[in-house]
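> With these hints in hand, go ahead and build the complete structure from the sequences.
Listed below, chain by chain, are the residues.
There are 2 protein chains.
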Amino acid sequence: MESSTILPLSQLSLSLPRPNRSRARPFRPWTQWTSQPTRIRCQKMYVPGFGEASPEAKAAKNLHNFFTYVAVKIVTAQLESYNPEAYEELMEFLSRHSLNDGDKFCANLMRESPRHKSLALRILEVRSAYCKNDFEWDNLKRLAFKMVDKSNTSLMRDYIRETSHLEHEK
Amino acid sequence: MESSTILPLSQLSLSLPRPNRSRARPFRPWTQWTSQPTRIRCQKMYVPGFGEASPEAKAAKNLHNFFTYVAVKIVTAQLESYNPEAYEELMEFLSRHSLNDGDKFCANLMRESPRHKSLALRILEVRSAYCKNDFEWDNLKRLAFKMVDKSNTSLMRDYIRETSHLEHEK
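These protein sequence lines are chains A and B, in that order.
Using the numbering used here, you'd call the opening residue of the first sequence number 1218 and step up by one each time.
Using the numbering used here, you'd call the opening residue of the second sequence number 1218 and step up by one each time.
All the pointers check out, no bait thrown in.
When chains are identical, the list treats them as one kind, so a pair holds in a single copy or across two.
List time: in silico EDC-like cross-link candidates among lysine to aspartate or glutamate, alpha-carbon distance up to 16 Å:
{"#": "1", "residue 1": "1278", "residue 2": "1355"}
{"#": "2", "residue 1": "1334", "residue 2": "1320"}
{"#": "3", "residue 1": "1334", "residue 2": "1309"}
{"#": "4", "residue 1": "1278", "residue 2": "1366"}
Hints were generated in silico from the structure; no laboratory data involved.
What follows is the structure in structure tokens.
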């Protein structure tokens, strides 16, 4: 963390001690991660700790692993009904390999046997189709907005309830 | 996994053994998670294993924790420049508490001391502002699409390179 920040003061209304301006460091715009040359217009908060990548790239990587997980779920559900033998083989492979790294899982599955290779190719196709056609991106955004509001309200309400209860007991 | 699936055959061109139709189970549409009464029109793949929730809700929950992580990063970077004492306090708290569950982290931070409470409220405000204003949702989608294409191509290319090399050696 080598730089100062662009502080959206309108959003941060909490009273914190006065900043020590003599410690302020050179301006480093958040746009360093984007290709837009909008140094001056950028009003975004500076997010450190992502190196050359962006928070969006980090989130996309996590979603990518999640899509592989979903694709495996879809394929196993399909196989369970239509092809019990392949289902058993995939379940057995799943018991031995972690799905945390989706690409590594698929790479290993491909190399297990020719039958496993077919399953791996199917998972690759399903995750691409799921990501592009089935996954509801707008819904994801809507749910995330709703979740942050709900969680913030709930955390503050619980805290107030707890502290007013304590004061009541005094 | 109690049901059969809606199989987008156009997307799944891989030759798998013929389905055993006698094992097919009752139709259960993917739309059970959405509010749309489009049983017949739904062409989405059935995703099992999310209970009453949806994959979108699961992904939103993960993003929610990620936004808390980002908000903590933003606030610590701000404090490092402007308020070294609060920075030290937050870093010390971070060394003792996991950020895996963002809401739990904030709840604990609120209850640590009145000064920590101010930091917690600031983190709540920043994560909401970040999620709604700064995070580039379109970019996330674009990067995820790009990632799935790139990973699929790369996995298949590596496999073909490896196997053709083996055949060449024979």
